Amino acid sequence: MLLALGVAERPYGAPCRPDRAVLTPILPDAGLGGDADCHGVVPRPLHRRVGPRRLRPAADLGVGAAGGRRPAVSGPGADRRRGGDRGLCGRRQAPGPTRPSTALGGAGCLHRRGGPAGRHHPHRRPRRLTHQVGLSYLHGRVVGVTTSTSSSDTATRERAEAHLRALAGDTAVLREDQWTAIDALVTGRRRALVVQRTGWGKSAVYFVATAMLRAGGAGPTVIVSPLLALMRNQIAAAERAGIRAVTINSSNVDDWQSVYDDVDRGTVDVLLVSPERLNNPGFRDAVLPRLAASAGLLVVDEAHCISDWGHDFRPDYRRLRTLLGELPPGTPVLATTATANGRVVDDVAEQLATGDGQQALVLRGVLERESLHLSALVLPGPAHRLAWLADHVGELPGSGIVYTLTVAATDEIASFLRSRGIAASSYSGRTDDAERRQAEDDLLANRIKVLVATSALGMGFDKPDLGFVVHLGAPQSPIAYYQQVGRAGRGVERAMVVLLPGAEDEAIWRYFASLGFPSEEQVRQVLSTLSDRAPAGQAMSTAALEAHVDLRRTRLETMLKVLDVDGAVQRVSGGWTATGQAWAYDAERYAKVAADRAAEQQAMRDYIATQDCRMLFLRRQLDDPQVLDGTAQACGRCDRCTGTTLPQDVSPEALAAAQATLGRPGVEVEPRRMWPTGLSDGPGMAAVKGRIPADRQADSGRALGRLSDIGWGSRLRALFAGPDTAVPEEVLRALVDVLKGWGWEQRPTGIVAIPSRVRPILVGSLAARLAEVGRLPLLATLDLVRDTPPGGRSNSAQRLRAVHGAFRVPAGAALDGGPVLLVDDRVDTGWTLTEAARVLREAGSGPVLPLVLAVDG
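Going by the numbering used here, the first residue of the sequence shown is number 1, and it counts up by one from there.
Be a bit skeptical, because a hint or two may be false.
What the hints assert, rightly or not - Restraint-style ranges between C-beta atoms, simulated for each label pair:
id, residue 1, residue 2, range
1, Gly-643, Glu-326, 53 to 59 Å
2, Asp-695, Thr-542, 29 to 35 Å
3, Trp-744, Ala-598, 44 to 50 Å
4, Thr-322, Gly-421, 38 to 44 Å
5, Thr-154, Asp-606, 46 to 52 Å
6, Leu-515, Gly-421, 47 to 53 Å
For the record, the hints were derived by calculation from the structure and aren't laboratory data.
Note that this is a predicted model, so its numbers are computed, not measured.
Ideal placement from N, C-alpha and C gives every residue a C-beta, glycine not left out.
Sequences and hints are given; from them, build the entire structure.
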């Protein structure tokens, strides 16, 4: 089916090119061209196959063919050439001896870093580039680094090239921008921001710089890296280069002290640190100052996370401001990313500037990915999308990733694919660490065809032969989308990228949008609460703060981390304290960030609907230099450029199986076992502390589905979005199926409904119809003693405070000690069900079995 797009089919466990000899393994992200084989190595053409087309990948890496070397050419002059190996002015060049690097500007030639090599502009005067290398764009402006040709510079570069060869093989040669960055770090001791596409070779820059700095007696390199998968890749890469790298993260707590001891002894070359460590009080106070004083180089990987303008802002990264300020003068700093638009680049570069006003060097390259074939396919519904995967994923090249927007969908889709005979595993932030490692290894070794994952499998995961990326649901940002699809095609000529958007995407986007920075009133409330404890020197945990401010845990923790970096609060052992420092709420900035998020969501809608080149669209969102100066061209590979769409057909068998899977009802609702922290000092709340007595707890319950499910989710969201109405027959039948499959120890003896202020008709009819179908007595609808706000927005502690003591069993309700089926429309925090169960148990009922239509989230 997919051969129409020129994609060769290959079994996912088979070698990519069995007819090629290979070179020494290449370091992940070390400048690998788009023509490397599936094991992460650049193919060496057999002697009868040497020719212009076979030279292209060597040009990408800066390596000559058949053992000869020539100067690396970075920028589109190397990255965009197709169908032949051409010189800087577009003339074909045969392999030969090394050419002097001063050939950057020949007569009649215009070669601009970030612009297409050899492109003549009749209305633009050629720029003179005598002995200038490493030119890059910053918002369309050329940032130049003038270099000399002194013997010391030549010797320094020769040492850098030697380290690269040890790292990536005997024929590897640095790109010019790689050398510019290394020279700035090692010789100039500068701060630099490198914005280059995935696979360009950003890690080669800091590993070569590390080797050179360590050889000169500098301290270890500290790399701040956001994900465990990325850390594992980096450590493996460093070991292959003879660089000893160790890590400190949440998965190796028992090793921390030995790591610290090795750093003190000077036996560690690279220390990888998760950003969360930077906000840990013990690490911040005891370890961070020592690292800042002794570090030979600081590397900030995935630097877009520093900026709250970025698509993946992480507040823990903001602690880097403190670390940057504590570095001794002259300590070089390198920040790298592949996904930063102009505003993010400006923000990060500003944060990298030194205290004496020296600006960071910004090296920004072209972001086109020549191996990627982008497509989008709008299908009728979730069942068709699942069926399409089952029918067509086997036709996609190699093995790959299917991205989803929710954790629940990863397990659901992976299970369905396995049922259709496709080797698949799931991966998310909730997956056990050992299982994540196994899933990564299985994908790397091509033991599975598909890894179904959330964005937890993203930055830093390196599999050069990844043949495809499919999105079942659209991310809310084209920049995030570019980063995720960038996992594919780093070491193969062709990789397929397919977007399968869904109607549920918008609801998920709205949820993420609701996690923005809190209002000024909420921030002031937190600061006031902490300030009241400050005179006594008391710290408050995040859980305890939830009892005082109505913010969900994620938003509250994010806000506290930002306030910590801004100096308004401090994280200490036992929680948080106020510092007493003045703090201003930047309402204008937060509003602009929110507006940017909304604009990114609209851009994602536009990407799906665009009739123009998809790669060019993504590059425009990232402020690609070529797009800014008007020299960017359509990719010629995507569905819009070729006019060829992917097949939309699905087999009746696959569609029926998908419909059955998505229509299968039933989600377990876990009961609450512990009361929230910090409520027992409130009026009437003295008993709300510690563990809930077992004879007052609800039992495990059931729901028809989650609102985020790709199956029942869309139908339940539509039900709740409409006016209050009686329970639909389809929903009732599905709930009866849930009851049939429950497997309880003792059948319920009656039904009790929870009163609903928002949907009384829905809940009342649901309880009555279940009683009718199940031939059970409708014992009662609980009385509402006092008004309670609707659920859905409150955090755990605030929701319990709102419902505690609000329910009463009506007089005359015949509770006979038997099990009770407790019915409600939806569950979020679980405290409404927990409080209703407590009241029923105290009134003499037996086990309480909650049954709801939907689980939020």
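Structure-based check of all given hints:
1. Gly-643 with Glu-326: 53 to 59 Å: 56 Å Cβ-Cβ, so the 53 to 59 Å window holds.
2. Asp-695 with Thr-542: 29 to 35 Å: About 30 Å separates the Cβ atoms of Asp-695 and Thr-542, which means 29 to 35 Å holds.
3. Trp-744 with Ala-598: 44 to 50 Å: Taking Cβ atoms as reference, Trp-744 and Ala-598 lie about 46 Å apart, which means the hint holds.
4. Thr-322 with Gly-421: 38 to 44 Å: violated, 53 Å
5. Thr-154 with Asp-606: 46 to 52 Å: Since the Cβ atoms of Thr-154 and Asp-606 sit about 49 Å apart, the hinted range of 46 to 52 Å holds.
6. Leu-515 with Gly-421: 47 to 53 Å: violated, 39 Å
Of the numbered hints stated above, those contradicted by the structure are hints 4 and 6, listed in ascending order.
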